[in-house]
Structures are given as structure tokens and as C-alpha cells.
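Under my numbering, residue 1956 is the last one in the sequence shown; the count climbs by one each step, no gaps.
Hints are computed from structural coordinates only; laboratory data are not their basis.
All values reported here derive from a predicted model rather than from experimental measurement.
Glycine is no exception: its CB is placed at the ideal position from the N, C-alpha and C atoms.
Careful: at least some of the hints might be erroneous.
[Unchecked claim] Label-pair ranges, simulated between beta-carbon atoms:
1. E1852 - F1484: 28 to 38 angstroms
2. L1892 - I1829: 12 to 22 angstroms
3. L1931 - G1799: 44 to 54 angstroms
4. N1604 - Q1656: 54 to 64 angstroms
5. R1500 - L1931: 16 to 26 angstroms
6. N1604 - I1506: 51 to 61 angstroms
[Stated by the list, open to error] Under the rule of at most 25 angstroms between Cα atoms (straight-line distance), these lysine to any residue pairs were calculated in the SDA-like manner:
7. K1894 - V1528
8. K1605 - A1664
9. K1731 - D1572
10. K1661 - P1678
11. K1569 - D1793
12. K1568 - K1797
13. K1766 - V1697
14. K1789 - T1586
15. K1680 - K1605
16. K1789 - K1766
17. K1789 - L1809
18. K1814 - L1539
19. K1482 - A1883
20. K1498 - E1848
21. K1579 - D1786
22. K1726 - A1576
23. K1726 - D1572
24. K1894 - I1846
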Amino acid sequence: MKFFDYIRVAFQNLIRQKARTFLTVIAVVIGAVSVVIMLSLVLGARSVFVRQLESIGGLTLVSISGDASQSGGSDLFSNTGNQSSASKKVDDAALAAFKKRPHIVTVTPVGTIWANSMKLKGTNKENTQMDITALDPTAGVLAFPVVAGRPLNGSDMDKIVIGAHSLSVFGFTNPQDAIGKEVAFEFQGPTTDWEPDPPKPVPGSNGNANNNDQNQVREIDAEIVGVLPSGQNDRQDFITIGWARKLMTWKMWQPDNAAMQQANQESSRPGQLSQEPPPPIFKLVKTDVMAQRGYGSAMVKVDSTDNVKAVGDSLKKDGWGVTTAQDVLDGISKIFLALGIALGTIGGIALFVAAIGIINTMAMAIYERTREIGVMRACGATRATVRRLFTFEAALLGFLGGAIGLLVSYGLAKIGNVVADRVATSQNIPISGIITFPLWLVLGTIAFTTLIGWLAGLYPAFRAARLDPVEALRYE
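Construct all of the structure, not just a fragment, from the sequences and the given hints.
As C-alpha cells, then:
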């Protein structure tokens, strides 16, 4: 018999018992749908994450911190704290050195400001779980798309681009409604360089009680100019590094010891009418916290994805903490791999049950067609012919189950993508096509279910081939 003859005869034998064939195929369909939908979800989620990184140019980004122990993190923005405990300091000198390294195109410092909360002015809505990140928008390192308003520019000093978390806390469902609204940062500590100078201490004071209270609480206003789409860094809001440096530069009146010493010397000269010490002399001192302690981290853009690893390895060798997009992808891939194994196991169990169903179906076929097998053998069919016929029938069951399972999975994926896209649009999440069907998954599913059917049919096929023709012809 030729190859297509086996397929034709196998199909004719299967449709003789339509109900049993249908139930067996349904079992394979359920298993195939379970595996395909679960794997396509995992693949789609990873694809969405990669697309989000690509949309901001994240695949060529390298995050640098002064703490080498922070290398290989799962977030490009995870190293934005202060560097008081770091072994290296990310300061302006370090930024200049980074720019001179091969393959690094541009650099931006990344820092945070220490605010207790951010309130929407004119309301009682307050965000206490924000992460106000500062960077240089003119560096062109990040290309954050905004769903409303505009991105930051280098001259923005009291402007902010908020993330999805702040948008939700402030009660906006339409991002456009947030544009132009004002928020107020609550600061606690010395007067900042963005604010007017504190009053000069009165004569006779020590300069601290009146003006340098470390616990004074006040508000600094900012205008919302843009809203970011929902994504991995929903809790982050962005301002310019220039404004952040003013907010993190403290102004305090302190005793001017040199001037006081000179005044004391002059008052103690012979011939002076009064020998009393002069009143304290104060000077306004500015402390640039970011210059003193360093930025939280730096973000550099590499000229090509092919050079990201080399740049990262070079920085690590010099003792810097480095996180690349590949580190992020590796971390996410491990999560997706574990999820895929767990979900694939569930689908595998369903396919195992389907394989048992195929074995049962083929075993029943042997009992029903024993005389037919005897006639075939009597007419000259070899054991190999009988064996191939039954394995083709079993493989055909697997093939039909896999093909129908793919069609069902594709339909469910279409519905799932429509629902997911609508939900994402309503939540300002720029994703689409979260369930994907790569060609290898389609071909692999059909091949796998066909293989399972073939393997499940081996035992019944060998059993049928071993039947004695004479005994088979006597079988009632």
C-alpha cells in the first residue's frame, strides 16, 4: 500500500465509528488548546515586554550605579537611590568619563527628589507612593511616548510628566484631563534653591532656630505637562535634572566665622570705644546635595545592541554596578520560562489523558475488526501492513485533534486579543496582540499531537499485527 492509501483507509475506518472518533478527537483538541493558549500567552507577554523596551529605545540602554552589587537587576530604573553607601560616586566627572568610552552615544544622570507626597491642588487627593525620577531630556537617551500632553524639554523647571499610578490616584480616567493641572510636592527640610532665600537671622540668634529648622514642611508647585502610558514603571513620575538639582540644593544661614573673627579683632584694638564682642555675622550657604553625594545612577545609550554587552562588561570591570536591557530580559525570561513550564505541564497532562483515549479507541477497534484483520492477513497483508494501518489511524486522530485545536485556539486568541486591547486602551496601556501564534508553534503543535497519536497507537498496532490469521477468522 502507498502512503496516501494508508491515509485513505485509516480515515474510512475512523468514520465507521463517528461518535467514538469524535470523543477521542475532542480529548486531543482540549489538550492541544490548553498547550497552545498557555504557550502563546507566555510568548505574547514576552513579546509585549520587548516591544515596550524597543519603544523607549531600551534595548540599547545601560544603567550605571556606584554599587557593583546592583549589577544585573530586573529594572533599568532600579538604581535611582542616593549613593551615600556606594563605593563609587556617579557625579559630573563620572558622566564626562562615561561619554568618552567607546560605543557610548549619550549620557544622562538619573536622580530622585525626596518629597513626602504629591497632592493634586484644589482636591484632597494625594499620592504618597510615587517615585519622582529626574533625568536630562535633552540627552535623547529615553524616548518615553506620552498618551497626553508633551514630553519634558530641557528648559522645564516646574513641570512634571506623571505615570499611570499618579493618574489613577488623582482620579483621572482621561489622561488629557490631567494636562495643565497643578500638583504640590510636600517637602520637609531646609529651604531649597528653587524657593526665595530664607529670612536672615535676627542679631543675637544662632542662625538655626529661626531659619534652618530641619523639620519645616512646605509645598512646591508643579504643572502636569504629560502623561505616560501604563507599563512596567507605573509609579514613576519624571522631572528634569536641572529642576531636581535646584530642589536638592539647600540654602541655610550659617555663622560666618571668618568675618566674625575679623570683627572681633577690630573690636579688640586699642582705642575702640566699646570692648563688647560684635553681634554674630551670618552668610547664606548653598549645599548641592547631588554634587556632594552623587546622582542615583546614570543612563547611557549605546550605538548598537551588538555592543551593549561589551560596554556593560567594561563598566563592570571598572567596579560600576551595571544593568542592561539584556539583564532585564533575562530576568523576565526566567519568569516566563517558569510560567510556561507550569502551564505546559497542565496541557501535557491533558494530552496524556488524550493519549490514553487513543489507546482505548484503537484497542476497541482491534476487537471489532478482528475478523477483518484475519481476512486481510489471509489475502496477503503482512504484519507490517496491519501495523502501519493502525498506527496511521492513531496518528490521524492526533493530527485531527491538533488541527482542530489550533483553529479553536486561534478563535479564542482573536477574542482574547480584542478584549485585552479594549481593556488596555481604557487603562492607557500601549499594548496589542498579547496572544501570538508564531509559525513554529503552529507546526510544532500539529507535529506533537500527531506524534502523540502515533506513539499511543503503537501498542494496539503491534497487538493487531500479532493476531493469528486463522484464529482471527474464527473470531465471532
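Worksheet item: Hints broken by the structure, by number, lowest first?
Response: 1, 4, 10, 15, 16 and 24
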